[in-house]
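Engineer: Just so you know, the protein sequences line up as chains A and P, in that order.
So for the first sequence, the working numbering puts the first residue at 187; every next one is plus one.
So for the second sequence, the working numbering puts the first residue at 187; every next one is plus one.
FYI, nobody ran anything at the bench for these hints, they're computed from the structure.
Any given hint could be a false lead.
One copy or any two copies: either way a pair holds, since identical chains are not told apart in the list.
[Stated by the list, open to error] Under the rule of at most 30 Å between Cα atoms (straight-line distance), these lysine-lysine pairs were calculated in the DSBU-like manner:
#: 1; residue 1: K797; residue 2: K664
#: 2; residue 1: K769; residue 2: K664
#: 3; residue 1: K804; residue 2: K664
#: 4; residue 1: K867; residue 2: K905
#: 5; residue 1: K441; residue 2: K804
#: 6; residue 1: K797; residue 2: K907
#: 7; residue 1: K244; residue 2: K444
#: 8; residue 1: K804; residue 2: K361
#: 9; residue 1: K441; residue 2: K521
#: 10; residue 1: K348; residue 2: K664
#: 11; residue 1: K244; residue 2: K797
#: 12; residue 1: K797; residue 2: K235
#: 13; residue 1: K289; residue 2: K444
As the structure is a prediction and not an experimental result, all values here were calculated from the model.
Below are the chains, spelled out letter by letter.
2 protein chains.
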Amino acid sequence: MSVPRPAMILAFLFASICLRAAAQPMAGFDSARALSERSLEVKFDASLKADNMRDWMKQLSSHAHHVGSKGDAENVSMIASLFRSWGYDTHVEEFTVLFPTPKLRVLEMTRPTSYRAVLAEPPVPGDTTSGQTAEQLPLYNCYSCDGDVAGELVYVNYGVPKDYEELALRGIDVKGKIVIARYGGAWRGIKPKVAAEHGALGCIIYSDPRDDGYFRGDVYPEGAYRNRFGGQRGSVEDMPLYPGDPLTPFVGATKNAKRIPMNEARVLTTIPVLPISYADALPLLSAMGGPVAPEEWRGALPITYHCGPGPAAVHMNLEFSWDMAPIRDVIAMLKGSSEPGEWIIRGNHQDAWVFGAGDPLSGLVSMMEEARGVGVLAAGGWRPERTIVYCAWDGEEPGLLGSTEWVETHADELAGKAAVYVNSDGTGRGFFSAGGSHTLELFINQVAREVTDPETHVSVSERARAAQILHASGTERKGIRERADLRIGALGSGSDYSPFLQHLGIASMNIGYGGEDGGGSYHSAYDSFDHYARFGDPGFVYGVTEAQTAGRIVLRLADANVLPLDFGDFTETIGRYVGEVMKLADDMRESTEELNRNVREKTFELSADPKDPRVAPKSEDPVPYFDFSPLQNALAALERSTHRFGEAWMGGRSGGGPLPAETARALDRLFMDFERTLTTKEGLPGRPWYVHEIYAPGRYTGYGVKTLPGVREAIEARKWKEAADQVVIAAGVLERAAALVERGTSLLKKK
Amino acid sequence: MSVPRPAMILAFLFASICLRAAAQPMAGFDSARALSERSLEVKFDASLKADNMRDWMKQLSSHAHHVGSKGDAENVSMIASLFRSWGYDTHVEEFTVLFPTPKLRVLEMTRPTSYRAVLAEPPVPGDTTSGQTAEQLPLYNCYSCDGDVAGELVYVNYGVPKDYEELALRGIDVKGKIVIARYGGAWRGIKPKVAAEHGALGCIIYSDPRDDGYFRGDVYPEGAYRNRFGGQRGSVEDMPLYPGDPLTPFVGATKNAKRIPMNEARVLTTIPVLPISYADALPLLSAMGGPVAPEEWRGALPITYHCGPGPAAVHMNLEFSWDMAPIRDVIAMLKGSSEPGEWIIRGNHQDAWVFGAGDPLSGLVSMMEEARGVGVLAAGGWRPERTIVYCAWDGEEPGLLGSTEWVETHADELAGKAAVYVNSDGTGRGFFSAGGSHTLELFINQVAREVTDPETHVSVSERARAAQILHASGTERKGIRERADLRIGALGSGSDYSPFLQHLGIASMNIGYGGEDGGGSYHSAYDSFDHYARFGDPGFVYGVTEAQTAGRIVLRLADANVLPLDFGDFTETIGRYVGEVMKLADDMRESTEELNRNVREKTFELSADPKDPRVAPKSEDPVPYFDFSPLQNALAALERSTHRFGEAWMGGRSGGGPLPAETARALDRLFMDFERTLTTKEGLPGRPWYVHEIYAPGRYTGYGVKTLPGVREAIEARKWKEAADQVVIAAGVLERAAALVERGTSLLKKK
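So that you can see chain A by itself, here it is in the shape it has in the complex (with noise of 0.2 Å):
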């Protein structure tokens, strides 16, 4: 046989995948272009290497890597002349930001017998990294205040609202305690934020072994799970009200930019936080008392659970150096070739708390890989039609300040020529899942429809709609099974997306594998190169699948004669988020209704046991009945304008061909045009940083998202005023966004 071998197989799987692609469609290309974009992509997997995201991550991942750090300046330097010497026309773009470490960190209890927190993460054998104690980052949460504060302990479980509730109706007051929360179910920032709003003096946050240690599976370094010394780092900036440097809200925070003062930043928490392990909380939690925590407040910890307050009493002393640091983006760019002015901008940070090889090298090393095969197809002759963006972020970790900075300091250039941004984070083994965007969402499935997962062999998308039906309920698994696209989540915050999306409305999104890669290393330093080698992704076979996922996406992104772009899934979103505000209404009436009639009738008071007694919760008032019809009008003319798009677009394909230059031009520009009108200039309540009327980081939540977030949180903050103005300006929002839509009706019965 001639043949050499790599061919023959490059052959077959070409002929392979055109066969079994051919029917499928490819939104955005005619017929004749699909052809060659699929050739392309054969190509462009063909050159993927598992090899070369194990050999940089090894690398990137040898040293910390934090904001400041020694390691973090010497991977932007790595990372850049990759970037240039695949072809890429690459900077580096530098701020200066606010960035405080630990001077000094005490935890101590005082009461009833004394402990003193180690606050610090041994080296475990096996590890090579883990060693590298003197250069970490100690355990600490950065844009904590400095503070010496004293008090007894109170237990408020995950530390959300709710839970503040099920302690006022045990009598329980934080005011002038100490709170210690665990992690989970909500993002870290929210803990010491609502303490403080409860008057709590400070606030512990610590892993419980439920949440991500020995309950889940074995402890590093036997398993993947956090072992008793592991601690979460992580940024507690009031992210909801804005990300990016605390110092410079809205504008880049470039080195003269104008900087409000330190007390004026109110993303700064207000009362000192501090991240323990499970082997520091256990003396603390054992000697609580106080009645037994509510049975889902129990985490796996061998004692009872108690929610105090005390007798047990901490002192905590906190000390940040309140410096300055340099943050760098690296951005690199392939010029298009037919639309330069039209950008696909795609980012993966590359910061870490400590060593960072999940979190976020994982994702770095295969957008790395991936921009490295584009290079190849590029030194091979090729060029995207528009211009391709890579940014590898810096600072993400303390609150998405690369990212933030950078879209701050380029906001007018963007409007004008971003198109998409696609963004992903760590990554490992497991399922395909994608955020983003609604108008995105038909594209998306396309592509995972295409993309083979290296353990079933099956499509990612058929692979993640088996593992969907398995764990759906009865009525969302025959929504699974009849619909004809995944339902991709809506994006809140928590990765470089957001300043994108939600601060200048790009349609984004983010893509990323996971959910066979378990494990407790977040965040810690044992999240190591020797950690997800073992258990993130081994042989990185992963890495090169959301690398073949994501140059998909960013090579038909750039090549299509239209962006791929749809309203079909947008439109039907919407009208289950419009369902859904309606609903919340309708459930908080008769839950009030519910809490007055038991607060009347003493349901409380006659089911409590006086043993263990309760302090029944107020009435409230009663929630009133909402004019939802500017947002139901608004909604009916989207969906009467999305039909006749629809039907505009299919009767002008049906001749076949490609559309006329222009026409392609001009949708372009609508599509592009389209996310930015679901922003408003004033913003959401409270926090106009965010513009997005459709998506954002809920204020209670953090990462979680807020759908429709202005009526939303109004409601659910009981503003019936607020609710009633923001259903008008939402209703207005898509009122707009159907204009849009008729324009581009439009245009397609000019052509």
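Knowing the structure of chain A, use the given hints to seat chain P on it.
Structural biologist: What follows is chain P alone, placed relative to chain A:
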């Protein structure tokens, strides 16, 4: 003031109770007799003394008093002589039963390290009797077979059938292995039965701290919950087949009864089974490997729970003395004045596994005080219309021996005379709860509305309703609020009502208080006077409330013009059961279709983690549509006849005044026959001892009830032909019941 205080209080109480109760109907009484009955109840209440209960409990729990022990014999004498002293015609009835006790108990881990189980409950400070270790039965499961076995361990969660499905999904077979199950989830006797059905060699049952240890609350002696060495003794007789002496099914275990050979006693286990503490379980469970147990299986030990098999292996050697032992029931009668041939039977067992303060003495001493109070009334000149029979059962713990043998011995007499059986067992602080024949639901509710909760001073009915409302789902809550009566549960097994209700068809009920007496002393040596007096019911105030409740029940049943049974609630409840079995078939049909579809579509394989692989379940034969029309028609007939009876009753009563004596007697007989009518001669498939077609303990739930058991269990077991047959049988029973109700209507119209 010359009126002595107690008398004044009595007068006040009487006035206030009469005011509150005056408007309350009293089933079975005309208004004049209701008034005098309430006056009797006030006198009865006034006679009750908490101190008596305390003193008796202290005495009766001062020594271990299991079957065959010196303590048991002494307690029987004491109880009998007390009943005699209160004026009852009292005798002790003795039976001879098979009662094995341990000769040898060895449990040792042989791999990967050695550990020999302690199998003992040490004395604890502040618990007087815990030091009396010599007289205690050690930790064992009664009616375990002998066995010397060795093998690898498999963790089977609660050890119920669906747990083995989970293991199969992970490719784990227990054949030739020793299973370790945790207590809970079903009656303990189910665990070795199901393990043996799956080929296991032996069965260990341990008390996980999640279920009644530190996860729930502080452990003994600091708190009420099970400490690390606390174990749970208990019977593993296959009671769902038949209870009572294993050697004398169907007949009383009198001295010369014909006994079956031991190897024909199908209620003994076929593999050895041993209960252990979590101190003994921890080394075994810690040493296990294999897949991590499903999340719901994980207990509160500070380990990762693995399923096995192995590498931990154990050797288990159990030998028992298979002795015959005497059991002695105390039977105390107070002859009825007008209807001596109608018996109101009231029972509570007195035997315990060790000291048994909570189980059963809390219920027993309350029943004794109640009986003393009734005796005081009798000494004052009052006589019940019907005969009252108090029973202090022996041998309940090994398998309802005392009640079952008595019922089997006196079956013919009881069939003629027994009107209602009223059972109690351990009781404590908290909420009123009741289960029983639904012909008694209305009556029980009437009583519960007239007993005052000592903690909240509302009726125990109102308090129970408040608790139900607070813990119910939305739809349930609506039902609870809108229905006049609280629902009573249906009875499965687990106490002495079983032979009365399910073997003879005698209308029965089981009542008690609890829910605030939580703890983990059940069947351990720590179920002591000290434990109960601190946590079970300090001050014995609920003991008094229980006596007030059961006392009213007994007095009203004994004194009513007509037995206070009612067909309305019964018929409505049967309607629910019929709906449930029809829904069961539909749900199983749907889940079978779903399963088969997932098997076809390889959903299990596709969604499984290759590193934690799944063996897809086999597809199952589809669930046919059943002809439920016989059951529906019988129900409709019952509904019609119940409605007509209600009309006739109201019509007959509207003139006021008592029913003619002859009608009343005929109705009494009819009410007594009604529950008998719900039985069949053949009994349930495969277990002819159980003849009730509405209520039975589940074959695989043990204590847990199955209503319409013939139909329900046939469907659950996928025996389609049997299900269809059982529909006809159940329908026949309901048709006969409807005919009986029609006869009642005729009686009422004739008068």
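Engineer: Now, for every hint given, state plainly whether the structure supports it.
Structural biologist: Here is what the structure says about each hint:
1. For the identical chains of this complex, K797 and K664 are inter-copy neighbours only, at 29 Å across copies versus 47 Å inside a copy, given an alpha-carbon limit of 30 Å.
2. For a Cα distance limit of 30 Å, the shortest separation of K769 from K664 qualifies both inside one copy, at 21 Å, and across copies, at 19 Å.
3. For the identical chains of this complex, K804 and K664 are inter-copy neighbours only, at 22 Å across copies versus 41 Å inside a copy, given an alpha-carbon limit of 30 Å.
4. When the C-alpha separation of K867 and K905 is checked against a cutoff of 30 Å, the pair qualifies only within one copy, where the shortest distance is 22 Å, while the shortest distance between copies is 67 Å.
5. In this homomeric assembly, K441 and K804 never come within 30 Å of each other (Cα to Cα): the closest approach is 52 Å inside a single copy and 67 Å across copies.
6. With identical chains, the CA atoms of K797 and K907 are never at most 30 Å apart, being 42 Å at best within one copy and 54 Å at best between copies.
7. Proximity of K244 and K444 under a CA criterion of 30 Å is satisfied in neither setting, with 39 Å inside one chain copy and 80 Å between copies.
8. Taking CA atoms no more than 30 Å apart as the test, K804 paired with K361 passes inside one copy only; the shortest distance there is 19 Å, against 58 Å between copies.
9. For the identical chains of this complex, K441 and K521 are intra-copy neighbours only, at 28 Å inside a copy versus 102 Å across copies, given an alpha-carbon limit of 30 Å.
10. For the homomeric pair K348 and K664, the shortest alpha-carbon distance between copies (25 Å) is at most 30 Å, but the shortest distance inside one copy (32 Å) is not.
11. Taking the closest pair of Cα atoms, K244 and K797 come within 30 Å of each other only across two copies (24 Å); inside a single copy the shortest separation is 58 Å, beyond that limit.
12. In the homo-oligomer, the alpha carbons of K797 and K235 lie at most 30 Å apart only across protomers (23 Å), although the nearest pairing inside one protomer, at 65 Å, exceeds that limit.
13. Proximity of K289 to K444 under the C-alpha cut-off of 30 Å is restricted to the intra-copy arrangement: shortest distance 27 Å within a copy versus 86 Å between copies.
This entry does not satisfy hints 5, 6 and 7, going by the numbered hints stated previously.
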